[in-house]
Amino acid sequence: MQNQQLKGTVYILIATVIWGSCFVAQSASTIGPFTYQGIRSIIGCLFLVVLSLVLDFFAKRKGSDAAVTKWTDKTLLTGGLVCGVVLFGATNLQQFGIFYGTEPGKAGFITAMYILLVPVIGLFMKKKVRYNVWIGIAVAVVGLLLLCVNPAKGMGFQYGDIYVILCAVVFSFHIVFVDYYAPKVDGVKLSCVQFLVSGGISCICMLLFEEPKIGEIVDNTVPILYAGIGSSGIAYTLQIIGQKYSPPTIASLAMSFESVFAVLSEIVVSFFIYLVGKGPLSLPTVRELIGCAVMFAAILLAQLPEKKK
87 MQNQQLKGTV YILIATVIWG SCFVAQSAST IGPFTYQGIR SIIGCLFLVV LSLVLDFFAK
147 RKGSDAAVTK WTDKTLLTGG LVCGVVLFGA TNLQQFGIFY GTEPGKAGFI TAMYILLVPV
207 IGLFMKKKVR YNVWIGIAVA VVGLLLLCVN PAKGMGFQYG DIYVILCAVV FSFHIVFVDY
267 YAPKVDGVKL SCVQFLVSGG ISCICMLLFE EPKIGEIVDN TVPILYAGIG SSGIAYTLQI
327 IGQKYSPPTI ASLAMSFESV FAVLSEIVVS FFIYLVGKGP LSLPTVRELI GCAVMFAAIL
387 LAQLPEKKK
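Per the working numbering, the sequence shown runs over residues 87 to 395.
Rather than coming from a laboratory, the hints here were simulated on the basis of the structure. Misleading hints may appear alongside valid ones.
Unchecked claim - Derived lysine to any residue pairs resembling SDA-like cross-links, with alpha carbons at most 20 Å apart:
no.	residue 1	residue 2
1	K146	W157
2	K330	A114
3	K330	F185
As the list claims (entries may be wrong) - Between beta-carbon pairs, the in silico distance windows are:
no.	residue 1	residue 2	range
4	L386	L361	26 to 36 Å
5	G208	L311	43 to 53 Å
6	A379	P298	24 to 34 Å
7	K146	I100	41 to 51 Å
8	L311	G187	41 to 51 Å
Beta carbons are placed, not taken as given, at the ideal position from N, Cα and C, and that holds for glycine.
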């Protein structure tokens, strides 16, 4: 049992490494936010379609055809539509924030606020919120102020930071909806449908509000493929597999390390660019590092298990 839990935690940690490093890939994109998210989501959808077909094939060979969720399942389609619309809002708000100047590491930590916001949403669903979560939220607000409010630039959030804060709020609702629909249907297929919906809406907005050019899209092949296959496809699948073996508390705690890997990835990439002489060394300020540490402490505090009576 312990070996299975360890295996599940390792899967989730690998997923968080991919998610965290994806913030750097997003910041490397030079195309419009809707264009980037639209193409990325469609690629993730195609990857998951192939993966789902392979999983269904092996499930049928084992004689568990009855357990395979049909693509025409009403709950699957409804859940995919709802989750996809919310995912569209969350991912595009995040991309707009990075597009307007929020650093990848900072974006990772602000986005991680969803771990604190989900219990608050649970209040409206008559779910009890433990005292350590409230303390964590208060501590996170302090960390958020350190991260986003720069006295040298005026006592206010930067434009991109506001988008990422809204992204964390919308991601909170996405987690709530996924938590509701995921146990009822196949997780990979649910993810596939939601990426199809999210990507489809993003592509419509791309045509309405942006001017996508084939040449620019080709130039951004690497960040698009990394986010599409790596983040949307592989990482989500590892999360599903990992959560089969890992308890919810350990799983959510492991996923909170996404923000740490976002900062580490930003530092590593900046250092590499500096070594090859392609740009200056850009590192987080002391104030931002303290803000990251405070927010991470808040996330850990919110994940502490409740003492058994």
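Evaluated hints:
1. Distance hint between K146 and W157 is fulfilled; the C-alpha atoms sit about 15 Å from each other, no more than 20 Å.
2. Restraint check for K330 and A114: the C-alpha separation of about 34 Å exceeds 20 Å, so the hint is violated.
3. Only pairs whose Cα atoms come within 20 Å are accepted, and K330 paired with F185 is rejected, the gap being roughly 35 Å.
4. Separated by about 33 Å at the C-beta atoms, L386 and L361 satisfy the suggested range of 26 to 36 Å.
5. Between G208 and L311 the Cβ separation comes to about 36 Å, which falls outside the hinted range of 43 to 53 Å.
6. For the pair A379 and P298, the beta carbons lie near 39 Å from each other, so the given range of 24 to 34 Å is not met.
7. Look at K146 against I100: about 28 Å separates their beta carbons, and that is not inside 41 to 51 Å.
8. The hinted window of 41 to 51 Å between L311 and G187 is violated, with their beta carbons roughly 24 Å apart.
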